[in-house]
Amino acid sequence: MSEAVREAKQKGRPEFRNIGIGDITGKYRMPPSAIVSILHRVSGAGLFLMLPFLLYLFQQSLLSESSFGYFAGIVSHPLVKIILLGLSWAYLHHFTAGIRHLFMDNHFALDKDAAQKTARWVLIISLLLTALVGLKLFGVF
Amino acid sequence: MASKNNIGPRRLVVGAHYGVKDWLAQRVTAIVMAVYTIVLLVMFLTGQNFTYEGWAGLFARQWFKLFSLVTFLGLYYHAWVGLRDIWMDYVKNAGLRLLLQLATIFWLIACAAWTVQILWSV
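Protein chains in written order, with numbering that gives the first Met the number 0: chain X, 0 to 140; chain W, 0 to 121.
Take the hints with a grain of salt, since some may be wrong.
As a list, the in silico DSSO-like pairs of lysine-lysine whose alpha-carbon atoms are at most 30 Å apart [what the hints assert, rightly or not]:
1. K26(X) <-> K80(X)
2. K111(X) <-> K20(W)
3. K26(X) <-> K111(X)
4. K64(W) <-> K80(X)
5. K91(W) <-> K20(W)
6. K116(X) <-> K26(X)
7. K64(W) <-> K20(W)
8. K26(X) <-> K91(W)
9. K80(X) <-> K111(X)
10. K64(W) <-> K135(X)
Hints were generated in silico from the structure; no laboratory data involved. Here the structure is a predicted model, which is why all the values come from computation and not from measurement.
Working from the sequences, and respecting the hints, build out all of it.
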């Protein structure tokens, strides 16, 4: 390496690093596809972390008649219902975004406009499905 | 770009197969889970008066037990691929990353055993 290059490096030339949390929360205007992508990862990680809670509920629901009653008692609590609604959103977002992924893997809707359009649909459909689950969860129908 | 520096003692520690097999496994397991999800979601949204008899009766059937087991095992493999991606993206220290990956694998194996226990309790 020549001396000139070494000197230039010391003079604080602009550094281009990976995108940080500050960029995605404030600096950038995120296209729908980026929002869907980040939420896909966040929802997947959240579901993984909540696995013990969900498996515990699943076990109580199946073990016996009395444990089913205990399970029904837990999930009838409003706070638990809100947590389950949040997890339902995480699951349904991951589900819809995953189906979009499968289509894109097969070279459907890969161009810029189509990809943003399907990303918007993912956000809308997952929220609608979550709303449906929420209405059922809170006993509307 | 700097691929020449990635060979030999300076090779990046990211695993041996660079993920094609895992990528495919993640898609295949996703399809299995999607089918299972649609079945349970439709049942939940159309069902009335949820009772233990109805719920346990569904899981008492051999074919549904096996369908459930395959789906859950697929889920754990799927989760492993996703978690591995997360650790590779954000944890730069190779030792710590290996530790987290091993913890993930052991935890998911434990979940698989727990799932067998749950499914065969009815």
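Do the hints match the structure? See the list:
{"no.": "1", "hint": "K26(X) <-> K80(X)", "result": "violated, 35 Å"}
{"no.": "2", "hint": "K111(X) <-> K20(W)", "result": "holds, 28 Å"}
{"no.": "3", "hint": "K26(X) <-> K111(X)", "result": "holds, 21 Å"}
{"no.": "4", "hint": "K64(W) <-> K80(X)", "result": "holds, 27 Å"}
{"no.": "5", "hint": "K91(W) <-> K20(W)", "result": "holds, 23 Å"}
{"no.": "6", "hint": "K116(X) <-> K26(X)", "result": "holds, 23 Å"}
{"no.": "7", "hint": "K64(W) <-> K20(W)", "result": "holds, 27 Å"}
{"no.": "8", "hint": "K26(X) <-> K91(W)", "result": "holds, 24 Å"}
{"no.": "9", "hint": "K80(X) <-> K111(X)", "result": "violated, 38 Å"}
{"no.": "10", "hint": "K64(W) <-> K135(X)", "result": "holds, 25 Å"}
In the structure shown, a violation is registered for the earlier hints numbered 1, 9, in ascending order.
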